[in-house]
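Participant: Protein chains in written order, with my numbering: chain A, 250 to 316; chain B, 132 to 833.
What the hints contain is simulated information worked out from the structure, not anything from laboratory work. Accuracy of the hints is not assured; some may be wrong.
Unchecked claim - List of simulated lysine-lysine pairs, PhoX-like, C-alpha gap at most 20 Å:
no., chain 1, residue 1, chain 2, residue 2
1, A, 251, B, 406
2, A, 251, B, 411
3, B, 316, B, 368
4, B, 759, B, 442
5, B, 162, B, 650
6, B, 650, B, 286
To be verified - FRET-style restraints, in silico, Cβ to Cβ:
no., chain 1, residue 1, chain 2, residue 2, range
7, B, 627, A, 306, 43 to 51 Å
8, A, 264, B, 631, 40 to 48 Å
9, B, 579, A, 265, 52 to 60 Å
10, B, 654, A, 307, 48 to 56 Å
11, A, 277, B, 392, 17 to 25 Å
Just so you know, even glycine gets a beta-carbon here, dropped at the ideal spot from N, CA and C.
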Amino acid sequence: MKPGEIAIISGFSDEILSVKLLEMGCLPGAPVRFNFTAPLGDPICISVLGYELSLRLEEAATISILN
Amino acid sequence: MSAARLKIALVGNPNSGKSSVFNHLTGLNQKIGNFPGVTVEKRSGLSLLPNGTNAEIIDLPGIYSLYPRSLDERIVTEILLDHASPLCPDLVVVIADATNLKRSLLLLTQITDLGLPTVLALNMMDLVARAGISYDLHMLSNELGIPVIPINARKGSGIEELKNAISKPVEVSSKSVFNIYPDLKLAVQSVRERFQLDNDYEAYQFLQQPGSLKFLNDEGRTFLDNVGNTYDFFPGKFQGAEAIHRYTFIQTLLDRVTLKAADLPWKKHTSALDKVLTHKVWGYAIFFAVLFVIFQSIFAWAAVPMDLIDKAFAGISYYFGQILPDSMLTRLLTEGIIPGIGGIIIFVPQIAILFAFIALLEESGYMARVVFLMDKIMRKFGLNGKSIVPLMSGVACAIPAIMATRTIDNWKERMITIFVTPLMSCSARLPVFTILVALVVPDKFVLGIFSLQGLALMGLYLLGFVAAMLTALVMKYLVRVNERSFLLMELPAYRWPKWSNIGYTIVEKTKTFVLEAGKVILAISIVLWVLASYGPGEKFENAREHVLIESANLRLTEEGLENRVAAYKLEHSYAGIIGKGIEPVIRPLGFDWKIGIALITSFAAREVFVGTMATIYSIGSDDDQTIKDRMREEVNPDTGEPRFTPATAFSLLVFYTFAMQCMSTLAIVYRETKGWKWPLLQLAYMSALAYISSFAVFQLLS
Numbered sequence: 250m251k252p253g254e255i256a257i258i259s260g261f262s263d264e265i266l267s268v269k270l271l272e273m274g275c276l277p278g279a280p281v282r283f284n285f286t287a288p289l290g291d292p293i294c295i296s297v298l299g300y301e302l303s304l305r306l307e308e309a310a311t312i313s314i315l316n
Numbered sequence: 132m133s134a135a136r137l138k139i140a141l142v143g144n145p146n147s148g149k150s151s152v153f154n155h156l157t158g159l160n161q162k163i164g165n166f167p168g169v170t171v172e173k174r175s176g177l178s179l180l181p182n183g184t185n186a187e188i189i190d191l192p193g194i195y196s197l198y199p200r201s202l203d204e205r206i207v208t209e210i211l212l213d214h215a216s217p218l219c220p221d222l223v224v225v226i227a228d229a230t231n232l233k234r235s236l237l238l239l240t241q242i243t244d245l246g247l248p249t250v251l252a253l254n255m256m257d258l259v260a261r262a263g264i265s266y267d268l269h270m271l272s273n274e275l276g277i278p279v280i281p282i283n284a285r286k287g288s289g290i291e292e293l294k295n296a297i298s299k300p301v302e303v304s305s306k307s308v309f310n311i312y313p314d315l316k317l318a319v320q321s322v323r324e325r326f327q328l329d330n331d332y333e334a335y336q337f338l339q340q341p342g343s344l345k346f347l348n349d350e351g352r353t354f355l356d357n358v359g360n361t362y363d364f365f366p367g368k369f370q371g372a373e374a375i376h377r378y379t380f381i382q383t384l385l386d387r388v389t390l391k392a393a394d395l396p397w398k399k400h401t402s403a404l405d406k407v408l409t410h411k412v413w414g415y416a417i418f419f420a421v422l423f424v425i426f427q428s429i430f431a432w433a434a435v436p437m438d439l440i441d442k443a444f445a446g447i448s449y450y451f452g453q454i455l456p457d458s459m460l461t462r463l464l465t466e467g468i469i470p471g472i473g474g475i476i477i478f479v480p481q482i483a484i485l486f487a488f489i490a491l492l493e494e495s496g497y498m499a500r501v502v503f504l505m506d507k508i509m510r511k512f513g514l515n516g517k518s519i520v521p522l523m524s525g526v527a528c529a530i531p532a533i534m535a536t537r538t539i540d541n542w543k544e545r546m547i548t549i550f551v552t553p554l555m556s557c558s559a560r561l562p563v564f565t566i567l568v569a570l571v572v573p574d575k576f577v578l579g580i581f582s583l584q585g586l587a588l589m590g591l592y593l594l595g596f597v598a599a600m601l602t603a604l605v606m607k608y609l610v611r612v613n614e615r616s617f618l619l620m621e622l623p624a625y626r627w628p629k630w631s632n633i634g635y636t637i638v639e640k641t642k643t644f645v646l647e648a649g650k651v652i653l654a655i656s657i658v659l660w661v662l663a664s665y666g667p668g669e670k671f672e673n674a675r676e677h678v679l680i681e682s683a684n685l686r687l688t689e690e691g692l693e694n695r696v697a698a699y700k701l702e703h704s705y706a707g708i709i710g711k712g713i714e715p716v717i718r719p720l721g722f723d724w725k726i727g728i729a730l731i732t733s734f735a736a737r738e739v740f741v742g743t744m745a746t747i748y749s750i751g752s753d754d755d756q757t758i759k760d761r762m763r764e765e766v767n768p769d770t771g772e773p774r775f776t777p778a779t780a781f782s783l784l785v786f787y788t789f790a791m792q793c794m795s796t797l798a799i800v801y802r803e804t805k806g807w808k809w810p811l812l813q814l815a816y817m818s819a820l821a822y823i824s825s826f827a828v829f830q831l832l833s
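Produce the complete structure using the sequences and hints provided.
Facilitator: And the structure:
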């Protein structure tokens with residue numbers, strides 16, 4: 250995904266992290282927007298559920314998306 | 132009747148405006164303490180309710196769900212589940228950010244499912260209205276089965292209605308959102324019977340996270356393990372499914388109660404600011420500019436009030452010295468107690484300014500961006516982006532900073548952060564720095580605007596920071612633990628800070644400092660005065676005769692003689708003897724026995740240095756001189772030059788930058804790491820670092 254793009258969350262590839270992501274509102278079927286990255290390329294900022302969430306690239310990588 | 136005071140817990144997501152609500156409810160009637168057994172800061176206070184009774188309000192750390200992710204969050208789960216705890220609330224007020232109702236309701240439904248009487252306070256209703264959203268609050272209240280109160284904590288509107296709602300008896304919601312899976316009914320039933328719980332979801336929580344519930348004994352834990360094994364259940368199972376179930380319910384609910392949805396699906400207003408503040412050049416430039424402004428203002432703004440305080444206490448001492456008869460008690464007062472109290476009060480301006488800035492950065496939402504900016508860099512050093520908050524608070528005081536590491540859920544990153552935080556120059560070092568820098572760095576301006584003294588001060592802070600980072604880097608390779616590290620952090624919307632919240636923070640932190648650190652400083656001042664005013668043996672007793680013999684062929688004035696007698700007495704006092712005892716060890720660093728006394732007393736707390744200097748040099752000198760003047764006049768008897776040459780002063784500055792001279796920090800590290808291993812390692816490492824660096828500095832400069 251590139252900054253500014255929007256996708257739909259389809260699932261997660263990491264069991265432990267998925268609970269935290271779910272609680273933070275990253276729900277399967279929910280739209281997510283990739284806002285921008287930190288200056289060094291990591292972490293990144295996404296919008297989900299109407300607020301902004303920052304997470305590391307490796308954490309973001311566990312979220313599967315539909316395009 | 133007063134024994135049964137209503138206990139109300141405030142629960143909510145981080146950044147939901149919980150602190151503002153707390154401040155509105157309690158005013159200045161609050162106190163800071165610790166939760167029993169742990170060092171998580173506990174804010175509680177009394178609130179007068181409309182029905183004339185006082186309720187105790189407890190502000191709990193911000194959480195997203197009952198399943199804690201860090202130690203800080205665990206305390207909330209524990210308090211809500213432990214009915215035997217004296218803190219267990221009679222009523223929970225959930226503060227929800229109404230602009231993000233969906234996420235806030237996740238936590239709310241967990242709490243109502245626990246069977247706790249709950250009131251929902253919907254905060255930031257003004258922003259909701261501005262975004263063009265409206266909810267049917269009446270229907271929301273009916274559907275959830277609890278009172279719902281719209282508030283705007285920034286303006287304080289809705290607070291009276293909230294008080295009204297909590298002063299009435301609140302019924303437990305009869306609706307249950309998440310029902311235990313049928314397979315687990317029997318397991319939950321046996322847990323309920325064993326622990327005498329009156330709610331299924333509560334029992335389910337016992338099964339889900341026995342590790343979080345520190346109030347359980349071993350026997351209780353084994354019982355839960357066995358139940359889990361019997362029913363093929365393990366802690367953490369179904370947590371994801373539970374979240375999805377709750378969100379499905381919440382979505383259906385929101386679809387019904389939303390009268391008008393937002394015009395724009397994505398928030399726009401913060402992204403423009405973020406483009407600048409997290410820019411690869413401007414982001415860092417602004418961050419360093421912010422730090423620079425903080426240090427310059429501490430030096431520039433605090434100097435005047437500090438000088439005034441210093442002079443005022445010198446004046447008070449002088450005044451009492453004049454009106455009271457000369458006796459031991461008078462001298463204890465004028466040379467021990469009053470300078471001792473002065474040594475505490477003098478920090479107040481600096482601490483207030485520092486905490487004002489830290490509160491400002493937190494309140495405005497900028498602190499989260501700093502974490503975001505620094506995460507990758509900090510990870511290279513074995514730290515976490517979240518380490519930046521303890522490191523920056525460490526500039527104020529290592530004790531709250533080390534407590535703040537509880538938000539870091541990774542053990543290794545947390546240990547490293549705890550280990551290096553005391554290297555950050557805390558406010559207790561500031562007076563030492565200020566006085567020594569003022570003594571040896573000329574009061575000039577570079578390029579017309581930058582105070583040279585301010586730059587020197589910033590250099591010392593940078594030195595501490597660099598040492599902290601390098602130490603962290605070394606530890607990254609020495610500490611071998613494989614545990615996953617997470618970031619997952621909300622970037623809250625930028626907002627204007629609420630000035631009254633900053634005001635409360637300043638008052639609270641300063642009060643805590645004056646009362647807590649002040650006790651130690653005052654006690655040490657008195658002990659020190661005794662040690663410096665009394666001595667063993669004949670030389671101390673007959674100081675005057677010895678001086679008269681020694682200086683028989685000098686034509687001394689009466690005043691000169693008095694000074695010599697006082698100096699002679701100090702040299703042969705208990706303090707002098709101790710100082711001389713360690714002089715051989717510290718001589719290579721450029722320190723004499725008088726500084727030695729200060730080093731010893733500084734171990735209790737660094738800020739005692741200035742007080743010690745004041746006490747040592749006030750013995751036998753005019754009462755109305757300031758500490759700085761006295762230090763400047765001090766002469767090195769070996770060379771006849773001033774005692775505080777640049778070499779000695781810089782060596783001393785470096786020593787104070789690195790040395791672990793704070794009993795309270797060691798105590799807090801002991802509590803946080805649950806053992807003596809880390810604090811002792813820290814003490815040994817920092818002492819060695821201080822000694823070697825000081826030695827190098829003094830030898831290079833002299």
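Participant: Decide, hint by hint, whether the structure agrees.
Facilitator: These are the hints, each one checked on the structure:
Among the hinted pairs, residue 251 of chain A with residue 406 of chain B is consistent with the structure: their alpha-carbon atoms are about 16 Å apart, no more than 20 Å. Distance check on the hinted pair: residue 251 of chain A and residue 411 of chain B sit about 17 Å apart at the alpha-carbon level, within 20 Å; holds. Distance restraint check for residue 316 of chain B and residue 368 of chain B: the Cα-Cα separation of roughly 15 Å lies within the 20 Å cut-off, and the hinted pair is therefore satisfied. The straight-line distance between the Cα atoms of residue 759 of chain B and residue 442 of chain B is roughly 11 Å, inside the 20 Å bound, and the hint therefore holds.
Between residue 162 of chain B and residue 650 of chain B, the direct Cα distance comes to roughly 18 Å. Compliance with the 20 Å bound is thereby established for this hinted pair. Of the supplied pair hints, the one linking residue 650 of chain B and residue 286 of chain B is violated, its CA atoms being roughly 38 Å apart against a limit of 20 Å. Distance hint check for residue 627 of chain B and residue 306 of chain A: the Cβ-Cβ separation is about 32 Å, which falls outside the suggested range of 43 to 51 Å. Checked against the hint of 40 to 48 Å, the pair residue 264 of chain A and residue 631 of chain B passes, with Cβ atoms roughly 44 Å apart.
The beta-carbon spacing between residue 579 of chain B and residue 265 of chain A, approximately 57 Å, falls within the hinted interval of 52 to 60 Å. Restraint check, residue 654 of chain B to residue 307 of chain A: a C-beta distance of roughly 51 Å satisfies the suggested window 48 to 56 Å. Judged by the Cβ atoms, the range 17 to 25 Å given for residue 277 of chain A and residue 392 of chain B holds: they are separated by roughly 21 Å.
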